[in-house]
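> With the hints as your guide, set chain B onto chain A.
Protein chains in written order, with our numbering: chain A, 1 to 713; chain B, 1 to 713.
Since the hints were made in silico from the structure, they are not lab data.
Bear in mind the structure is a predicted one, so any value in this text is a computation, not a measurement.
One copy or two, it doesn't matter: identical chains are merged, so the pair holds either way.
In the DSSO-like style, the derived pairs of lysine-lysine whose C-alpha atoms are separated by at most 27 Å in a straight line are:
| # | residue 1 | residue 2 |
| --- | --- | --- |
| 1 | Lys-687 | Lys-158 |
| 2 | Lys-88 | Lys-687 |
| 3 | Lys-696 | Lys-88 |
| 4 | Lys-696 | Lys-165 |
| 5 | Lys-631 | Lys-506 |
| 6 | Lys-252 | Lys-158 |
| 7 | Lys-519 | Lys-487 |
| 8 | Lys-509 | Lys-627 |
| 9 | Lys-488 | Lys-506 |
| 10 | Lys-164 | Lys-88 |
| 11 | Lys-627 | Lys-506 |
| 12 | Lys-34 | Lys-639 |
| 13 | Lys-232 | Lys-25 |
| 14 | Lys-684 | Lys-696 |
2 protein chains.
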Amino acid sequence: MASRINHLANTLANNNASNVIIDGKEYNTATEPKLLFQQERSKASFNVRDLTYYLDGGKEATEKMEKIMESIERDPLFNNDNFYDLNKEQLREQTMARVAALNNHIDGENETILTSRFALTGLADPNTITRCGVHFGLFVSSIRGSGTPEQLQYWFSKGAGRLKKFFGCFAMTELGHGSNVAGLETTATWDEATDEFIINTPNLGATKWWIGGAAHTATHSVCFARLIVRGKDYGVKSFVVPLRNLSDFTLKPGIAIGDIGKKMGRDGIDNGWIQYTNVRIPRQFMLMKYAKVDANGVVTEPPLAQLAYGALIGGRVSMAVDSYHFSKRFITIATRYAAARRQFGFKKGEPETRLLDYPYHQRRLMPRLAFVFAMNAASAELTEMHSAATSKLASADTSNPAELQSAIADIKELFSVSAGVKAFTTWATSEIIDQSRQACGGHGYSGYSGFGQGYNDWAVQCTWEGDNNVLTLSTGRSLIQSALAAKKGKKVGAAVDYITRAEQLKSVKLNGRDLTNPKVIVEAWEAAAASALSSATEQFEEQLKINGNNAEIAFETLSQQRFETARIHTRLYLIRSFFNRINNSQITPAGIKPILTEVAILFSLWSMELDSGLFLQSGYLSPEDTKRVTKLVDEYNSKVRSQAIPLTDAFNLSDYFINSALGNYDGDVYKHYFEKVTLRNINKFSKPPYFETVTKPYLYREDEEEVDRTQLE
Amino acid sequence: MASRINHLANTLANNNASNVIIDGKEYNTATEPKLLFQQERSKASFNVRDLTYYLDGGKEATEKMEKIMESIERDPLFNNDNFYDLNKEQLREQTMARVAALNNHIDGENETILTSRFALTGLADPNTITRCGVHFGLFVSSIRGSGTPEQLQYWFSKGAGRLKKFFGCFAMTELGHGSNVAGLETTATWDEATDEFIINTPNLGATKWWIGGAAHTATHSVCFARLIVRGKDYGVKSFVVPLRNLSDFTLKPGIAIGDIGKKMGRDGIDNGWIQYTNVRIPRQFMLMKYAKVDANGVVTEPPLAQLAYGALIGGRVSMAVDSYHFSKRFITIATRYAAARRQFGFKKGEPETRLLDYPYHQRRLMPRLAFVFAMNAASAELTEMHSAATSKLASADTSNPAELQSAIADIKELFSVSAGVKAFTTWATSEIIDQSRQACGGHGYSGYSGFGQGYNDWAVQCTWEGDNNVLTLSTGRSLIQSALAAKKGKKVGAAVDYITRAEQLKSVKLNGRDLTNPKVIVEAWEAAAASALSSATEQFEEQLKINGNNAEIAFETLSQQRFETARIHTRLYLIRSFFNRINNSQITPAGIKPILTEVAILFSLWSMELDSGLFLQSGYLSPEDTKRVTKLVDEYNSKVRSQAIPLTDAFNLSDYFINSALGNYDGDVYKHYFEKVTLRNINKFSKPPYFETVTKPYLYREDEEEVDRTQLE
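This is chain A alone, in the form it adopts within the complex (with noise of 0.2 Å):
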């Protein structure tokens, strides 16, 4: 292939607009895109070294992440080139194979290491991370955040630890009932003759649906179900329910398992959904750390019920994690491929002009590329929040009261934040995907593009561990609630902290200062969420006056304002992370400092235009503010396109994790692109497979023989 390339690619046409002049030599679409890439490079107004340790949180964070992808890059088992062409079943097999290259390394890293390994395993394969999650994150922790030590001791002698002869699922969702798990319809009724638990499927909507590992894996699950003890229904508690056979895989008795089958992406998992039929285990197989149901039928009922669901704002903090990780590889491979493709002439005489040189193709990717950035903080301002209240609840005196409280405060603004933040970045990351293979034009709809199967893959993330939609309306609901509390004099979160300055805030006009300033920024969206909350707030009052206090009907009327309020509160955050981090000397040093203000100095004002009527209904920004802020978007976008390059290069992803025949780190896009689909589709004859069954019996048919009448009469 190489030598067809470089005879064609040194054949230059008979057209002078696609060929370049470069310090006197000629280059052409296919032999220039490398050279403009070093020119790109060497334009970087900072050391780009610099900005990935800002990134990933440190030099040593860095080194250790280059150690991790190196390892995963270089395992034969991960080699990716065949990726797009993967059908299902051959998805599935390859899946498993890697669950195992993956969980070999488990017991020689320790969790920090391992934390990375499988968020870096999960941006090369979407697939075996979740099929390892499955098993790591929801099983085992589990049985470590339901269960008692012994609990957890028993099931690791089992092998739950290492995956031998073991490996477990979780059976929480049904098909009748997904976000609320309250509803669950699974039944565990003990069965005080022989001390057991029957767990039972009652009817269709009862079945266990979209279970990750169950259609081919699981030898476990943990099944949440309705405990009925003596008649009573004592809400849903957790069970380990064993699903096969350790000897032969068979299933056991009354487990019933059958395969979910194709799904629009992450068809490497082997979702399968469970009924099970009036199956038996042992009491002690229900998992005991809070509810109890002891020898005698006696039910304990834990006194703080919703610990119990604490496990899951950990997924949520990783997904905005995961966001940032993705997006940051999507917006890359268009931002290359925006400066290595030209298409039309912007001056006459001229050659082609670059699509990253348009201010509307700017437009379209600097802004995203800001939005990455602004993830990137954000979900490491999310991470620490995460680590001090969860540690903070741990060490907690639980026989001090005010102690006590006060750490299950910080954990319900934990709740709140991480809510909306999992839903605006991982939307916000669909949105990227998408932009970004659009802005490829008609090359982003390739397979081997790499945007097609990442948005499939990617698009779960939106709905799975809290439908974004129903996060964000709690998220809103929790924000009325802090602002009716505030009111009340009461204190509130540090990140809705703005409302207790509503009053102050609702006079504030920018009045024709700078809004390059960052205090001028975030004290514009403090203005704008304080605005959109305090009228949801009232409007709350005023519901509660017309149907006579039921809060439940005035939250779901006001669902929209919930929902603004919250998608207005969760930009600010993400402003506000950003600017937090850059003003701080310890993450961030003085040389990216400028680039950096740029970037979020971009984002900001471009979210600002987008919801320019949200800021002229207060009154912050007059008609005329509002052209100002296009003018400044366009200009910043300028700036930003500048280094967009260097900016990129700052992720520090191999060309194995970009993994896009139109990403690639040297631009030389054309060759690529020509190389991966030369390579992939290699048909010698020119033949389709089914040319003798069906194309060649059409196209060199014989007519069907017409009617003569005649012969009939």
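Frame of chain A, contents of chain B only:
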């Protein structure tokens, strides 16, 4: 399967939240939905059949469509039960077989019926219709549009009309050039000695790319190449170039063809790449209706070059129609699912609430349902505009300059309007598919819901036949040109007539008038469009002054403004078209006028809410008015929701065309979904095919022996 479902269905859960008592009978998740659907249908406030006639363009049209739909649905080759499980290779084969079956209808049906058959076949299978379309819609249309009558007759005599030993492809796009057709690099050099053209691919970037039909099927190509005669480049013209030997389907000398391979969607189409290496064709294979080369190498250029591209407009119009067809399918699925699905309690002590009864869920679906109706109206108006303009041009007396100019003005108007409508209806359809999927929660991610494949198959519509961004910017350019013409007192097209009233519209405010009055709504949108266009035009004139009258640079600088003005203009076009048709009693009988008016008001006010910044900026709405808009949107959502099932029924799609486990007519969603998943994924042994080779060696492994260092000492 059926008996199992029935047995399960009759067992009720010990879980009151999930059971519902209707007329004294108890139902659960699995048994209830069918009953709910009957109730929904009994509440229809209008005659569904009349609405179907309205949507299809009359009773006769509906009946024709039903006949065609029935014939597709009954054809065993078009059985789509396994559609979502087919891999690329299987899809390719099936698609070719269907192309043959579809073409067997060609002789027997008249052109109107054929257009319907193609559109409806495309709804059932986008692969087949595109693979047919490259021959009939692109190859044959090129011969017809750019060839002489003799050339048309010649190629038809070779089989082009009936796909006998003939299959054409359309070799326009190159690896390095897509949107900018004028920059294509393939050359067609006239050889005086032999009176032939030499077709050549000069470099890698000039490789023909994405060519549908090239990889597996095409015998001939229409190749777009630069005409070079005696060293002079006359720009891009089209040439018929044979690709394969008819005797054995091998490639002709000098032809290199490869498979483009995996795509985001439409894998049934055999897109390929083509390189021509000095391929010789007779001079007469150049299509010479417009540009001509005679035997002496004398080149004649056409008087009206733009007419050669006129065929592209037809494609745009049909993509607006397709947008309606595709989006109606997906909004129906999501609406039906929302009517069946319960989740969470809205009111305490009552059954869980149906998704469609949540105000927020109504906001997610009802405005998009209204959008689908707006697309129906706009695509119908555009179709009429298209036939009027093309027949006016065809019948224009070319010796009468005024008549010709008037006809060309209409075509230009059509060009501008169709570009915007194509862009914003195809984008809206993508968005509607995606939002509809998310509205089905986790189940939307199932392959059998149809959303994933639907999105992937659809997405290319936003890119091909004119990238949506490029098209929108070109509409923006035409609008500014129209505004400048209007300033000089010249006549402008009907779609942009509001610009002539810009001064008057500028001072109009809502001023307490009724926002549900269609006249007020249309005026509001005209004011918004006029304001955006006036502002863009003023900025354009300023830019001209700054940069010395370089219109190209001025247009580039104002690309954001061009985009915005085209976006608002197109939204106005949709709104005006919708009300136009409602007010035309020939089209809209009195019985369905009230419901259509409600739908149109919802669409218009929801659009206004989304663009509140625009209306605040112009002063048309006050901040208080925008709150009123939100309240009205809620109100109209609730009105439209009450008719949601009958409204989607009016789209008249059978379960075959819906092809989603979540969207069947009877509403029995859990039963259909479970049946589909189980029937498509039978695995009695519940072990994966790779159990012995991958799963068992890992899960049942022996531990690796630890190194005992002492043995080495």
